[in-house]
Amino acid sequence: MENLVVTSSPHTRSGETTRKIMMKVLIALLPAGAFSVYFFGMRALYLILICAICSPLFEMLWCWLIKRPDSTGDLSAVVTGVLLAYNLPVSIPIWEAVVGCLFAIIVIKEFFGGLGQNFINPAIGGRVFLLISFATRMTDWSVFEGTKAAGYLDAVSSATPLRSDTVDFYDLLLGRTGGSLGETCSLVLIAGGILLVAMKVISPVIPLTYIGTAAAVAWLCGENPVFHIFAGGLLLGAIFMATDYVTSPTTNKGKFIYAVGCGVITMLIRIYGSYPEGVSFAILLMNIATPLIDRATMMRPFGALVPAKGGDAK
Amino acid sequence: MQGFGKHLSGVKVPHNKHTSGCVTEELPVPARVVIPMAQSIGASCTPLVKKGDTVKVGQKIGDSEAFFSVPVHSSVSGTVASIDDFVTAFGTVCQAVVIDTDGEQTVSEEVRIPEYEGKEMFLREVRNSGLVGLGGAAFPTFIKLNPKNPDEVDTLIINAAECEPYITSDLRAMLEDTELLIAGIRRIAEELDFKKVIIGIEDNKPEAVEVLKPYCGDQISLCILPSKYPKGGEKVLIYEATGKVVAEGQLPADVGVIVMNVTSVIALETYFETGMPLVGKRVTVDGGAVAEPKNVRAPIGTRYSDLIAFCGGYKEKPAKILQGGPMMGIAVPDDSQPLLKNNNAVLALTAKECEAPEPSPCIRCGRCLRACPFGLMPAAIDRAARNRDADQLRKLKVNLCMECGCCSYVCPASRPLVQQNKLGKQILKNGGGK
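Protein sequence lines, in the order shown, are assigned to chains V and X. Here the first sequence is numbered in the numbering used here, starting from 9 and rising by one per residue. Here the second sequence is numbered in the numbering used here, starting from 123 and rising by one per residue.
No lab work stands behind these hints: they were computed from the structure. For glycine and all other residues, C-beta sits at the position ideal for the given N, C-alpha and C. Treat each hint with caution, since some may be false.
[What the hints assert, rightly or not] In the DMTMM-like style, the derived pairs of lysine to aspartate or glutamate whose C-alpha atoms are separated by at most 20 angstroms in a straight line are:
{"no.": "1", "chain 1": "V", "residue 1": "K28", "chain 2": "X", "residue 2": "E480"}
{"no.": "2", "chain 1": "X", "residue 1": "K134", "chain 2": "V", "residue 2": "D302"}
{"no.": "3", "chain 1": "X", "residue 1": "K517", "chain 2": "V", "residue 2": "E24"}
{"no.": "4", "chain 1": "X", "residue 1": "K241", "chain 2": "X", "residue 2": "E147"}
{"no.": "5", "chain 1": "X", "residue 1": "K350", "chain 2": "V", "residue 2": "D302"}
{"no.": "6", "chain 1": "X", "residue 1": "K547", "chain 2": "X", "residue 2": "D315"}
{"no.": "7", "chain 1": "X", "residue 1": "K439", "chain 2": "X", "residue 2": "E475"}
{"no.": "8", "chain 1": "X", "residue 1": "K474", "chain 2": "V", "residue 2": "E24"}
[What the hints assert, rightly or not] Rough simulated footprint, nothing fancy, chain X against chain V, three-plus residues with beta-carbon under 8 angstroms:
{"no.": "9", "segment": "18 to 32"}
{"no.": "10", "segment": "122 to 132"}
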């Protein structure tokens, strides 16, 4: 008898892997992607594909540069790319999208140590970087002639619904409105969220708390809560971006605090800030607060004695 | 009958109880047995025999003066071939008595039905029986049954959960030795004055529930647990059956409970009815590499190769051989390992069954802390252990970890979380020197 493997227990695994989880996220993102291609035209498809390909390419390049084994097999860079694309307007020049991917992957993800180490969500970091660098083009919601979008919107300078006064609720639900690629159709985003929960990728705590808080703040400030839920990037952010494992708290209590923070900041920016949209900044700020929330919400283990004052439980 | 109603976390593991219908078969006496002198927590025994001595079944061949020790008996009749050094699964070295059997299985004159009066003599006889906790921990039973606060301990919980995948030896014990089990429970309850006996059993063993139901009444009750691993963990079982929390640094007796495994009770009753100490064990031999998985009754010290040969040998090359189940069992280096008292399964797994991908970075998904029955934070412990941060490990209560394996089982990054918890405990023990 030779060549037996001797390792620590357990000797069986659930079979879940990071790659499978990322695959499930991509599946949940499919409906929104399909809708954006249907609505904004083929250019939406090019943008999504370019971001989905460039992001892992940049990661591969980085791994090669610093002589680390290639980590793109976990598909997390593809998810970042797709999410970033969903946050871009359809009219953005391709090279700007590529720069966004570069910043998201290299500066935000890899500079801090790669998957699991980044302190903010790479896709949001990439979007905010583009928003600050190319403010005009990132808020240019014009659409292309001959697409479905053009049929519904003023082709020259259609605004995001957060800036317009008269919006129909059904238009928001069915995505007949301007905005970033993946954020317009509430229906497909909700379908994606249900998929994520059903595939046990995320718990519904963050999306529900985030949306609920935003609605409550809107109502308190005398705004229309339904409009604020379905317009802009709230659903995309609450379902797909705020739930990023790496940059959100791990305990349910922590998730709740984090999502309340996201909701409040989003609405404060939307109502009182100079930007029409606050989702990215809200998530970004709460990402940064995550380590603090994690510290404050450490679970009390079963049978643990409460630590005495001074911290030492002896 | 449904227990306390509140449940701790855990994971759904495929049961793989292929052998639940396999009636226990008696192993023909093997040509040679190896009986290690360290088979309980505590001090290892000193051999009482030397090379060339003739030994008989039930003869005491090892004992120790230390309080924390349990004697070891010969499981066969034959001649002592040698006394060798033996490396245990934990890497420590003890002595082992190697016996060449004569196949007669002559019973020793030392074996006689014990007579006792009063608790003290009863406990002395429990020690003489060589009994240790057979659920896996190998804690000396005579110490467990003698708590500091006997007047406050009123509940005996019988651990029949058998939550580890593959293993069915406890189930077979309940079905085949029901009378012994019930008689044993009644004897222990009478001698140690237990008011209540709760048999905790997972709902994936309806046949055992049926067999035990008629014996339930004022004193004995059944507690059916959902089959979610690890319901057989001592603190988990106590909580689910009674609602009592065994806190940090406490023993079950401190909350008025003592837990015994079904097989331990049967072994104890066998000793009191026949005088035969613990020399044989019912063990599940299974795993994808074994041709005919079976439940086998074999002498302690039987080598795994003999057990597996009895089960049709290997049908495929094993990648791992386990002493115990796949969640908490110990991987052994070769199949010459002997069957130990607390050993309830021998599994020979194929490479496919125990496949584990290379660890990748933690993605903070939180699956480990949702899986942990005790609400620990394995990913944070992993980080603290890597940093050798004793203060953080103490805050995270790594000492409470029972090493059930749920965290590693669910981890999508395949991180060795249980291993890091074990390391964390050692760091705390050593004062956390960087």
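Outcome of the hint check:
no., hint, verdict
1, V:K28 <-> X:E480, "holds, 15 angstroms"
2, X:K134 <-> V:D302, "violated, 27 angstroms"
3, X:K517 <-> V:E24, "violated, 29 angstroms"
4, X:K241 <-> X:E147, "violated, 36 angstroms"
5, X:K350 <-> V:D302, "violated, 28 angstroms"
6, X:K547 <-> X:D315, "violated, 36 angstroms"
7, X:K439 <-> X:E475, "holds, 12 angstroms"
8, X:K474 <-> V:E24, "holds, 15 angstroms"
9, 18 to 32, "holds (count 10)"
10, 122 to 132, "holds (count 4)"
Hint check: violations occur at hints 2, 3, 4, 5, 6; the rest are consistent with the structure.
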